[in-house]
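S.K.: Spelled out, the chains give:
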Amino acid sequence: MEKKKLSKAEILEDEDFKTLVKKKNLVSMFFTFLELILYFGFVGLIAYNKPFLSQKISEDSAITIGIPIAVLTILFSWLLTAIYIFWANSYYDNDVKKVKDKIGGR
Amino acid sequence: MDLFIQLVGLSDGLFLISEPLRNLGKYTFADVVSYRLKQRPIRAAAAAGSLIVVITYLVAQMVGAGTLIRLMFGLPFEIAIIITGGLMICYVLFWGIVATTWVQIIKACLLLGGATLLVVLTMLQFGFSYGELFKKVEYLYSQKFLEPGGLVTNPLDAFSLGLALMFGTAGLPHILMRFFTVPDVKAARKSVFYATGFIGYFYILTVTIGFGSAVLVGQDIIKGIDAGGNMAAPLLAEVIGGNIFLGFLSAVAFATIFAVVAGLTLAWASAFSHDLYVGVVRKGEASEIDEVRVAKVATIGLGITAILLGILFKEQNVAFLVGLAFAIAASANFPALIMSLMWKKFTTAGAVSSIITGLTVAIVLLILSPTVWVDIVHKEQKLAVEKKIKGIEEGLKAKIYELEKQKTPDLKQEQITAITMVIDSEKRNSEKLKKEAKAEMPQPIFPLRNPGIFSMAAAFFIGIFVSLISPDKEAEKKYSTEKLREYTGIGAED
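Chain order of the listed sequences is B and Y.
Quick note on our numbering: the first sequence kicks off at 1 and runs consecutively.
Quick note on our numbering: the second sequence kicks off at 1001 and runs consecutively.
Isolated chain B (complex conformation) (with noise of 0.2 Å):
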């Protein structure tokens, strides 16, 4: 049977869409959050700690701890978009078509 169609006022109301929204300000703001604590947590350190991050990895190398950071701090912020990505496409998209079905509309 056919469920009854929402209006946009009523959409509004919407249990769904209100989880919906709340969920995705949710994620955003962790996501955000993560990015700018990985990317100011390594500016304080060149700020404030300079020696800590001056440190040789071991006696006789070159390579100070500075740099596998650095590297790491590359490869973690773009693990982050990926797992946003993710979450967007596979989870927020499905309960958008949720929402969308309901409405009636595309």
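I should point out that these hints are in silico values taken from the structure, not numbers from a laboratory.
Small disclaimer: the values here were computed from a predicted structure and weren't measured.
Careful: at least some of the hints might be erroneous.
From the derived model, a few chain Y residues whose C-beta atoms are all more than 12 Å from chain B [stated by the list, open to error]: (1) 1163; (2) 1207; (3) 1247; (4) 1297; (5) 1342; (6) 1373; (7) 1382; (8) 1413; (9) 1427.
Here are the simulated SDA-like cross-link-like pairs (lysine to any residue), alpha carbons at most 25 Å apart as the crow flies [as the list claims (entries may be wrong)]: (10) Y:1026 - B:54; (11) Y:1296 - Y:1345; (12) Y:1296 - Y:1181; (13) Y:1477 - B:26; (14) Y:1344 - B:7; (15) Y:1190 - B:93; (16) Y:1344 - B:25; (17) Y:1344 - Y:1468; (18) Y:1473 - B:14; (19) B:23 - Y:1283; (20) Y:1379 - Y:1468; (21) B:100 - Y:1082; (22) Y:1283 - Y:1294; (23) Y:1190 - B:83; (24) B:100 - Y:1296; (25) Y:1190 - B:7; (26) B:97 - Y:1186; (27) Y:1344 - B:56; (28) Y:1405 - Y:1424; (29) Y:1473 - B:21; (30) Y:1344 - B:16; (31) Y:1136 - B:61; (32) B:97 - Y:1481; (33) B:56 - Y:1186; (34) Y:1382 - Y:1431; (35) Y:1186 - B:75; (36) Y:1478 - B:83; (37) B:22 - Y:1190; (38) B:97 - Y:1190; (39) B:24 - Y:1175; (40) B:102 - Y:1184.
For glycine and all other residues, C-beta sits at the position ideal for the given N, C-alpha and C.
Following the hints, complete the assembly by docking chain Y onto the known chain B.
M.R.: Same frame as chain B, now just chain Y:
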């Protein structure tokens, strides 16, 4: 460092604004900000912000292209600028957005391919071991060379630069435009993923190229040709692969600048025709043919302006213009954009005053900062002081040298002590002179080189304050419809 921050800026852009932007906008970010607010004032303010960002960024790119062509082909600077500007106009005029997208793709492939090849050939010389490369760097220079962030002197300045680059990336008109040119939200996300991946990879490559060129070419030669070190990669290519490789990499560098220039031109044309002409002059009533015609005229106008400004800024250090473009984008565009998306009580007056505040504060503070106030406005005075200090130092050196020569072995102990005392008093004397000379150094009115942290804060504060004292019930009511479209894209297909 810049690239590194842009990587973070792009990912944050993805998390925060990619879906809303794609769902609410069609051509420019003003579409998004003005969605539920009054069209004309917002479009006028937003267009002013975008146009100023584009022109500052463009002049920096033009001067860069001119310098590159002059160094590569020996053409005069003016002709190089005219060629770049002319190509840019023809290109955007005849092929438009599809072509610029292709330029971006081809450029990305060439750039990554060329840089990868350069890195592979460089590492071949070090047996593909980063340990070897860094040991060589440490041996030739010092450990200091390997420590990160040599440029960051003041922590507050570092944070301010970071903020501006980060949120500026998410507010640059030609970057935001990319979100509108992809077919759907999924494609927008995918392109951010590729972009951040490429930028990260490219960042690691450039670091390798930097160290490799320091060892194989030498710092003195690199700095001798261009004080900013911008020619490090071409010089390394010449050492490793001869003239052919040098020519190839120069072509890649030119393609890169060209792609950015073309993207900027498109952002300019759409801000001009879509926001200023259709939105403000014609109050939203204009045919697409009219809009395209105005965009074409705007493109030609921008090309000519850019050529003239490029020639005007010849031989100037224009790096600060890029910083200014990012600071304006972060302060004029980003706060208004994010508040219109997230805050129900945001009003037209709030948006307009936030954009204008961000724009003016960023420009005024940069003019008063050391970058412009000391290095450009009081350049003569600064150079005179630096020359004076150098003169004092050299005079001292010569005097000490003369005095040391007098210390022959046949002198008595007292005589040697006397000479040492004279040397000491000369040293003290020159310290005093240096201090006096330094006191004449022109002082900046605003201490930071990067105004971003203050101009962004001001834009947010004014935007919130003005919105609260001038509530707009109409806009508040429309927020719920905007929200539906922002999160789901319902209505975006119309």
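S.K.: Is the hinted pair residue 1136 of chain Y and residue 61 of chain B satisfied, with a Cα-Cα distance of at most 25 Å?
M.R.: 11 Å, holds
S.K.: For residue 1473 of chain Y and residue 14 of chain B, compute the direct alpha-carbon distance and say whether it is at most 25 Å.
M.R.: 23 Å, holds
S.K.: Going straight from one Cα to the other, do residue 1344 of chain Y and residue 1468 of chain Y come out at no more than 25 Å?
M.R.: The hint holds at about 11 Å.
S.K.: Given the proposed pairing of residue 1026 of chain Y with residue 54 of chain B, does the C-alpha separation stay at or below 25 Å?
M.R.: Violated, at about 48 Å.
S.K.: Does residue 1186 of chain Y lie within 25 Å of residue 56 of chain B when you go C-alpha to C-alpha?
M.R.: The given pair, whose Cα atoms are some 43 Å apart, is violated under the 25 Å limit.
S.K.: Would you check the hint for residue 1296 of chain Y and residue 1345 of chain Y, treating anything up to 25 Å between C-alpha atoms as holding?
M.R.: 38 Å, violated
S.K.: Please verify whether residue 1344 of chain Y and residue 56 of chain B have alpha carbons no more than 25 Å apart.
M.R.: 52 Å, violated
S.K.: Taking the closest pair, is the beta carbon of residue 1247 of chain Y still more than 12 Å from chain B?
M.R.: 31 Å, holds
S.K.: Against the 25 Å threshold, does the CA-CA distance of residue 97 of chain B and residue 1190 of chain Y hold or violate the hint?
M.R.: OK: residue 97 of chain B and residue 1190 of chain Y at ~19 Å, within 25 Å.
S.K.: Quickly compare the C-alpha distance for residue 22 of chain B and residue 1190 of chain Y to 25 Å and report which way the hint goes.
M.R.: Holds. Residue 22 of chain B to residue 1190 of chain Y sits at ~24 Å (cutoff 25 Å).
S.K.: With a cut-off of 25 Å on the C-alpha distance, tell me whether residue 1405 of chain Y and residue 1424 of chain Y pass.
M.R.: Cα-Cα ~15 Å, so holds.
S.K.: Does residue 1190 of chain Y pair with residue 83 of chain B here, judged by a C-alpha cut-off of 25 Å?
M.R.: Roughly 12 Å between the alpha carbons, so the hint for residue 1190 of chain Y and residue 83 of chain B holds.
Checked against the numbered hints given earlier, this structure breaks hints 1, 2, 5, 10, 11, 19, 20, 21, 24, 25, 27, 33, 36; the rest are met.
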